[in-house]
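Peer 1: Protein chains in written order, with my numbering: chain A, 278 to 643; chain B, 278 to 643.
Worth flagging that the hints you see were computed from the coordinates, not collected in a lab. One or more hints might be untrue.
Note: identical chains are not told apart, hence a pair may lie in one copy or across any two.
As the list claims (entries may be wrong) - Cut-off 20 Å, straight-line C-alpha distance, at most; resulting in silico cross-link-like pairs (EDC-like, lysine to aspartate or glutamate):
#1 Lys483 x Asp471
#2 Lys285 x Asp603
#3 Lys285 x Glu375
#4 Lys483 x Asp430
#5 Lys483 x Glu437
#6 Lys285 x Glu398
#7 Lys285 x Glu621
#8 Lys483 x Asp444
#9 Lys285 x Asp627
None of the values given here were measured: they were computed from a predicted structure.
Listed below, chain by chain, are the residues.
Protein chains: 2
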Amino acid sequence: MPNADVLKDIETPAVVIDLDVVDANIQRMQAAIGSRGVGLRPHVKSHKSVNLARRQLEAGAVGITVSSVGEAEVFAEAGVDDIFLAYTIWAGSARRAERILNLHERVRSFSVGVDSAAGAEQLAAATRPSQHALRVLVEIDSGAHRTGVRPEDAGALAAECLRLGLDVAGIFTYAGHAGRSREARVSGAADEIDAAERAIASLTAKGIPVGTVSAGSTPTALFSARAPVTESRPGEYIFNDADNVRLGTCESLADVGLHVATTVVSTAVEGQVIIDAGTKTLGREGNVDKGFGLVPSLPGSSLRLLNEHHGYLSIPDGVKRPAVGDVLTVVPNHACPVANLFDEYIVIADGAPVARWPVDARGHLS
Amino acid sequence: MPNADVLKDIETPAVVIDLDVVDANIQRMQAAIGSRGVGLRPHVKSHKSVNLARRQLEAGAVGITVSSVGEAEVFAEAGVDDIFLAYTIWAGSARRAERILNLHERVRSFSVGVDSAAGAEQLAAATRPSQHALRVLVEIDSGAHRTGVRPEDAGALAAECLRLGLDVAGIFTYAGHAGRSREARVSGAADEIDAAERAIASLTAKGIPVGTVSAGSTPTALFSARAPVTESRPGEYIFNDADNVRLGTCESLADVGLHVATTVVSTAVEGQVIIDAGTKTLGREGNVDKGFGLVPSLPGSSLRLLNEHHGYLSIPDGVKRPAVGDVLTVVPNHACPVANLFDEYIVIADGAPVARWPVDARGHLS
Chain A
278 MPNADVLKDI ETPAVVIDLD VVDANIQRMQ AAIGSRGVGL RPHVKSHKSV
328 NLARRQLEAG AVGITVSSVG EAEVFAEAGV DDIFLAYTIW AGSARRAERI
378 LNLHERVRSF SVGVDSAAGA EQLAAATRPS QHALRVLVEI DSGAHRTGVR
428 PEDAGALAAE CLRLGLDVAG IFTYAGHAGR SREARVSGAA DEIDAAERAI
478 ASLTAKGIPV GTVSAGSTPT ALFSARAPVT ESRPGEYIFN DADNVRLGTC
528 ESLADVGLHV ATTVVSTAVE GQVIIDAGTK TLGREGNVDK GFGLVPSLPG
578 SSLRLLNEHH GYLSIPDGVK RPAVGDVLTV VPNHACPVAN LFDEYIVIAD
628 GAPVARWPVD ARGHLS
Chain B
278 MPNADVLKDI ETPAVVIDLD VVDANIQRMQ AAIGSRGVGL RPHVKSHKSV
328 NLARRQLEAG AVGITVSSVG EAEVFAEAGV DDIFLAYTIW AGSARRAERI
378 LNLHERVRSF SVGVDSAAGA EQLAAATRPS QHALRVLVEI DSGAHRTGVR
428 PEDAGALAAE CLRLGLDVAG IFTYAGHAGR SREARVSGAA DEIDAAERAI
478 ASLTAKGIPV GTVSAGSTPT ALFSARAPVT ESRPGEYIFN DADNVRLGTC
528 ESLADVGLHV ATTVVSTAVE GQVIIDAGTK TLGREGNVDK GFGLVPSLPG
578 SSLRLLNEHH GYLSIPDGVK RPAVGDVLTV VPNHACPVAN LFDEYIVIAD
628 GAPVARWPVD ARGHLS
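All chains should be built: construct the whole structure from the sequences, respecting the hints.
Peer 2: Below, the structure is given as structure tokens:
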């Protein structure tokens, strides 16, 4: 947690990352996934930072995962040469098709998700001018019921992709349905493995080899990083957040590498202070029960309500209320939306500010 | 509502504004507030667009309201010369003090909110190098229990501001506690009026004249635009959104001027489609009951769940499911966070795209 003295000259609200914690998080996940013989392909939607992606790659990541064409472009421009766009992108518009073709030609290894013949057809049409086939991964549904074909239908879609002239590189899945407890996450990871095995059988029955089997998000990564899975795509682990602490996907608040620095702007109402972090800083991630973020320096406090530019922080009896002008540190419930709301990170190392890094791919949704 | 044909070449997700509806919304609020002899000072946090602020000023707005120093700077740079920063800004850091002094020197009429002697002292210190006094408005609490002193304490704080060398321009309040029904909004507006009258009495007892009495947000503006109120600060009315339709603060969906264009990216799971608008497009504004936005072209559909880049849209039996690649139009529950997530608006007039306008003050939180 950044020291209050370090933050006193920072204009708030601001996002502060502690590089010592971030590097430890990078190393820990890399060691855990790597030691199982699985490639770590971090999802950079969590941080959208070229500098942070470079640290992940230097630590041993096999490439990166992105969620939009715009994100892929930012990281390609920065020289990242192995990018998986884990999204069932629709390439229908002329401009979108052109951008996908450009990424395909430019990035050494570029692959895209598909879960429909119609989507595959657009991707094939977009990349037809190229000398080589676009690599696609067939998305399968392991229980989230979001995107992805049923595992037993994966072979048919893969065959259709081949017929369209695409290169089928493998399969991927996301256990978004995994519950919050450790048991539920173990169960979600088992669903990923089970779905992957059924999908592999479906492709094999069509005579289609499966190179890449991609599964795993921060909640399930440690449990699904085993055969037949070859790659894992966690994202949040680089920062962790209050929800990760609650989930047990990190040990404690000491593993959280991203904080919001905020200033007390009003103490006019008894029993609370108002801070300058609202939904435009923290997103509306939370609820009345768990609050909208944690303020560890004020035990028992509750960030009970957010407006766009105001946070209502209840202070329990017996805890000294901060004064107007005091800078506080908030642990967000969910780090990813916070990073996406800011143009830069304030970077701290060895307890002191050392840099400001751009959130290079902030926005870039399409 | 933008026509589907108009949107088919747009890369999604994208924010589309219909200038005909927006202009009608601007004119309607201007006429309603202006006809009561009250000045309209729109809150530009809702749109963060210089072009849209200019349209509001050309229609008769007396100035604009902003929520951060950064927003004030963007609009000052664009030449807006009457800006009220309706926020209890803390000017403690050296850089923040310098920025406030710069706005004070540069903007013809610049005023700032205060609700504490400590905050007032920092503002006075920041602007002491200037030849003229900074204008402040004392914030009073009309029932939201967020920021603002009790109305009967307003005179004492105003006296303290004068002692510090500030210019007390008046008072302001925000009825954030007003409930959803028309009666509750009328009641919230009555609280604004009542609090304003008590605060005026408190200042008058100290011999301090009250020039500006500012109250009113989109839900309460029409009910509190009467003496002693001199200025009203609604923001959302320029766009309206699904919550405004539910509240009755606009007539119908035809009054909504901001939409999200989104593409169906998966139909793999029966009974639903997945769209490319998630929390990074719509914010997490909503709940399971009302959903996270409306898709009027699909009656009975429910945008029941959002991930960061995916929206789960349930399609009722009997309604034809859209196909992968179809572009849909979502009415957000809350327009303000949506505008803040995008770098540009796609502007439609007479049913056709005419421009792309930057969301000039996107971010700019500090």
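Peer 1: Hint by hint, where does the structure go against what was stated? Just the numbers, ascending.
Peer 2: Failing hints: none at all.
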